[in-house]
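Colleague: In order, the protein sequence lines correspond to chains A and B. Take 1 as the starting number for the first sequence in this note's numbering and just add one per residue. Take 131 as the starting number for the second sequence in this note's numbering and just add one per residue.
A few of these clues could be false.
To give an idea of the interface, some chain B residues facing chain A are shown, with a C-beta separation under 10 Å as derived from the structure [stated by the list, open to error]:
1. Pro136
2. Ala139
3. His154
4. Gly158
5. Pro161
6. Tyr200
7. Gly215
8. Ala219
9. Gly231
10. Arg236
Residues of chain B clear of chain A, computed beta-carbon distances all greater than 12 Å [claimed, not checked]:
11. Leu141
12. Arg155
13. Asp159
14. Asp160
15. Leu165
16. Thr166
17. Leu171
18. Leu173
19. Phe174
20. Val204
21. Trp212
22. Gly214
23. Asp218
24. Gln227
25. His230
Rather than coming from a laboratory, the hints here were simulated on the basis of the structure. Remember, it's a predicted structure, so these values are computed and weren't measured experimentally. A virtual CB, placed ideally from N, CA and C, is assigned to each residue, including glycine.
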Amino acid sequence: MPTGDVFTERQAQDVERAIAGAETDTGLHFSVYVGPLGTSTREKALTLHGALGDQAARSVLVAVDPGLRQTEIITGADAKRFLDDHAAALGALAMTTQLSAGDLAGGLVNGLRTLAEHARHPQTLHLDQP
Amino acid sequence: MTTFVPMSALLVTVLASPAFAAQHRYEGDDPGPGLTAVETLGLFVGIPALVIAVVYVLVFVGTGSRGPRYRPGVAWRGAAQWWGGPVDAERAVQSAQPTHGGGGARAHW
């Protein structure tokens, strides 16, 4: 696990716990990147998402560039069925509220929680019957 | 601040000195030997300065140990961090292609 100088041990644990919680709630793979995204932030975020390899399709990448003050949420082709663009936008909004106040870790945690809450469980015939 | 505190301590000592003068002696009082100049300075300047120094140290030790933190609008110098990323992130990113067919959202703050 990365332990940089920007997040305290406690903040890093909070983010890890939020990722684990979101993965448990949704069954998707969540990945959080904090760092430079270059000039073309969307393209860079999509490349990072592609770097997840086989997991990419059912992965959600939350990428934040604190320098550019830009956040990108990428959902894979499968993940998109659970977490549509509307839910992703809600997550991005939840993040920016706290990020603009300088709370990097809090914004990530809040964003992940919002994403997990709004992830939809698609109905599957025969499997969703009790 | 640093000049004000010794000056005010000195002022109090000077203003109060008539009260210390042994003009009115009472039955059974025991004024003691009195303070030397060094003792007076130590008592009224040294001890307050020491208290100020202790508070100063306590405040700034707490701030310093927190390390650098993110402030909006200030250039970002932290190292990139990736939770739940590939094992060999650098090589994976170099050979990676942008994904298609997904969705998402973006926001600027």
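Colleague: Hint by hint, note whether the structure agrees.
Modeller: Results for each hint:
At a threshold of 10 Å, the smallest CB-CB gap from B:Pro136 to chain A is about 39 Å, leaving the interface hint violated. For the restraint placing B:Ala139 at the interface with chain A, the shortest Cβ-Cβ distance is roughly 40 Å, beyond the 10 Å limit, so the hint is violated. Nearest Cβ of chain A to the Cβ of B:His154: about 63 Å, over the 10 Å cut. The hint is violated. Checking B:Gly158 against chain A by beta carbon gives a least distance of about 63 Å; that is not within 10 Å, so the hint is violated.
Interface restraint check for B:Pro161: the shortest CB-CB distance to chain A comes to about 58 Å, outside 10 Å, so the restraint is violated. Below 10 Å, beta-carbon pairs count as interface contacts, and B:Tyr200 has one with chain A at about 4 Å; its hint therefore holds. The beta carbon of B:Gly215 is positioned within 10 Å of a beta carbon in chain A (closest approach about 6 Å), and the interface hint is therefore held. This hint holds: B:Ala219 has a C-beta 7 Å from the nearest C-beta of chain A, less than the 10 Å allowed.
Taking 10 Å as the C-beta contact cut-off toward chain A, the hint placing B:Gly231 at the interface holds, the least distance being around 4 Å. A least Cβ separation of about 5 Å between B:Arg236 and chain A falls short of the 10 Å threshold, and the interface hint therefore holds. With a closest Cβ-Cβ approach of about 43 Å to chain A, B:Leu141 is found to remain outside the 12 Å limit, as its non-interface label requires. Listed as a non-interface residue, B:Arg155 keeps its Cβ farther than 12 Å from every Cβ of chain A; the least gap is roughly 64 Å.
Distance check for B:Asp159 against chain A: the nearest CB is about 60 Å away, which clears 12 Å, and the non-interface claim stands. The Cβ of B:Asp160 lies farther than 12 Å from every Cβ of chain A, with a closest approach of about 59 Å, so its non-interface assignment holds. Every C-beta of chain A lies more than 12 Å from that of B:Leu165, the closest at about 49 Å, which supports listing it as non-interface. A cut-off of 12 Å between C-beta atoms confirms that B:Thr166 is not in contact with chain A; the least separation is 51 Å.
The beta carbon of B:Leu171 sits about 43 Å from the closest Cβ of chain A, which is more than 12 Å, so the claim that it is off the interface holds. Residue placement check: B:Leu173 keeps its beta carbon more than 12 Å from all beta carbons of chain A (closest about 42 Å). The non-interface label for B:Phe174 is consistent with chain A: the shortest C-beta to C-beta separation is roughly 42 Å, beyond 12 Å. Here B:Val204 does not stay apart from chain A, with its beta-carbon only about 9 Å from theirs, under the 12 Å limit.
Distance to chain A contradicts B:Trp212 as a non-interface residue, since its nearest Cβ pair spans about 5 Å, not more than 12 Å. Look at B:Gly214: its CB is around 4 Å from the nearest CB on chain A, not clear of 12 Å, so calling it non-interface is violated. In this structure B:Asp218 is not separated from chain A by more than 12 Å, as the shortest Cβ-Cβ distance comes to only about 10 Å. Residue placement check: B:Gln227 does not keep its beta carbon more than 12 Å from all beta carbons of chain A (closest about 5 Å).
Its beta-carbon lying about 8 Å from the closest one in chain A, B:His230 breaks the requirement of being farther than 12 Å from that chain.
Comparing the model with each earlier hint shows violations of hints 1, 2, 3, 4, 5, 20, 21, 22, 23, 24 and 25; every other hint is respected.
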